[in-house]
Amino acid sequence: MNSRLRGNLKYQLKQNKLGIIAVIVIAILLIASILAFLAPHDPNKIDIMNSLKSPNKEHIFGTDEMGRDYFARALYGGRVSLTVGFLSMIISTVIGTIVGTISGYFGGRIDSLIMRTIDILMSIPTFFLILILNAYLKPGIQNIIIIIGLFSWMGIARIVRGETLSVKEREYVLYSKVTGEKSRTIMLKHIIPNIFPTVIVASTLNIAGAILTESSLSFLGLGVRQPDSSWGSMLKYAQGYIGDAPYLALFPGILILLTVLSFNILGDIFRVAFEPKANND
Amino acid sequence: MVRMIVKRVVQAIPMLFAISIVSFLLIQLAPGDPVQAYITPEMGPAEIETIRENMGLNSPLHIQYIRWLKSTLQGDLGYSLVNHRPVGVQIAERLPATLGLMGASLITSMIIGIIIGLVSAANQNKAFDNIATFISYLGISIPSFWFAMMLVYVLSLKLKLLPSIGMRTIGVHTTWDLIKHGIMPTIVLSLQSIATIARYIRSSTISQLKEDYVVVEYASGASKREVLYKYVLKNAILPVITILGMSLPNLVSGAFITESIFGWPGMGQLGITSIFSYDYPLIMAITMFSSLILIIGNLLSDILYGIADPRIKELS
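Residue numbers (numbering that gives the first Met the number 0), protein chains in the order written: chain A, 0 to 280; chain B, 0 to 315.
Because the hints were derived from the structure by calculation, they are not lab data. Among the clues, some could well be false.
[Said to hold, decoys possible] Here are the computed lysine-lysine pairs in the DSSO-like style, where the Cα-Cα straight-line distance is at most 30 Å:
| id | chain 1 | residue 1 | chain 2 | residue 2 |
| --- | --- | --- | --- | --- |
| 1 | A | Lys52 | B | Lys157 |
| 2 | B | Lys209 | A | Lys235 |
| 3 | A | Lys52 | B | Lys159 |
| 4 | A | Lys235 | B | Lys125 |
| 5 | A | Lys9 | A | Lys188 |
| 6 | B | Lys157 | A | Lys56 |
Work the whole structure out from these sequences, hints included.
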């Protein structure tokens, strides 16, 4: 990333107060989920005598139906949700960048084949496919990460292809072609570094999408399952107690909302900073 | 115009084939043996083998695919493994509820989204705009199922205003009853599209406001309101047609979640139940049908765009 873009980013963050809040929220949630083991209570300790206690001094988020401390559970749940979000983003970003660069760089038949494939994948309700695969495969966080990652690279590939089309016409790329550099070297050394800012924008928004997808899957009971828990799966159980203990539904939901909101805001700030033309309003 | 429509329809055909292959492969990926559903404990291995042969499971994969495609094209989608009713009939029963919910959400999100977007653009960077921008961020970030839970808690459990589940009260057959049941699912399903449409309309209106013709209108004495509603709206609204196509995937995916939370008896709810009961023929048919809704929706939005913007005709 060159200094001009870094300067733009600093300026945007200074200008946009929401952006700073988003960065702080993400930082707090990351630290909290990494340091979850410092929580005052064991997230798995069952205490039936204290079940469904509203938030109080001892249990700031209250306790769930088995008397487990809901705050500790939310911290550990956040760890799972954020991990799924980040790792599946990495899978889809890597696939999307590679496929998009190849498609844009080589053009012609390869390009139209790849683009048609993406069109098809985008006209299948991928959420339903993700649901089906999660039901078929062994439940586990690893599978969820892979499945979400494998089904959400198409948007990134389209954006990367568009950028590659314009970057590949620049002089330095033409020069390396003339000097006989291998296509692979040109893509890795000249094209990908140049489209990197765009990739960052797309992947930040991608995390937000992945976290939402995971929470919906887990809520339907086809994502993170017992003994693991994520914010989404906590909401699945909270649904049954919505009348007696609405706070069980409140906290994980607000945490998902805050996380996804922050990544969406951050993604837009990156966009304005990296592509000043894209958004002058 | 007709040529463009024909061209688009022809382009959609290979897409449908590809999707049919994907849906067909789903059943091959599935764990377990489809024969299991027909086996009773008294059957011997020979009898099981006969069933297998009769179901065509011993033929090579591509033969099975062609056979499946043939019967699908003839309208025979097979039978549910759970209740043994024809899949086609079950989908036909469920389709109106889903299409009704989607249609209501589409209309709601267009109307509200366009109004918010226009007013935001007219008051750029003022209080209304800032609040609307933040709310549309919330709209794209809120987990729809959680939003639904909160609505049910407030509107059904606490205020007792709206029913929380189903499409009709048993024994009541009034339109008002249907509307009351539909309000919350429609709000939940349209929220994300409202936010997307509002953002698009806002930015396209803002860029229209910088065009030369707007300056000319102002110079010839038109009021702000006149410029906005008489001239800018017409141009700014064009992208909505494309967004309509873009927000369809959201609606289709959203329908699965929304319908199963509110017990709305549509295709989405049927889809989720069929996944839990490993009802493969149903799963395949629902994948096909929801893809079909997407493809037809995109086709319609392409054609509408062609009608709305005559420049497109020459391009294609």
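Results for each hint:
no. : hint                   : result
1   : A:Lys52 with B:Lys157  : holds, 20 Å
2   : B:Lys209 with A:Lys235 : violated, 48 Å
3   : A:Lys52 with B:Lys159  : holds, 25 Å
4   : A:Lys235 with B:Lys125 : violated, 40 Å
5   : A:Lys9 with A:Lys188   : holds, 26 Å
6   : B:Lys157 with A:Lys56  : holds, 26 Å
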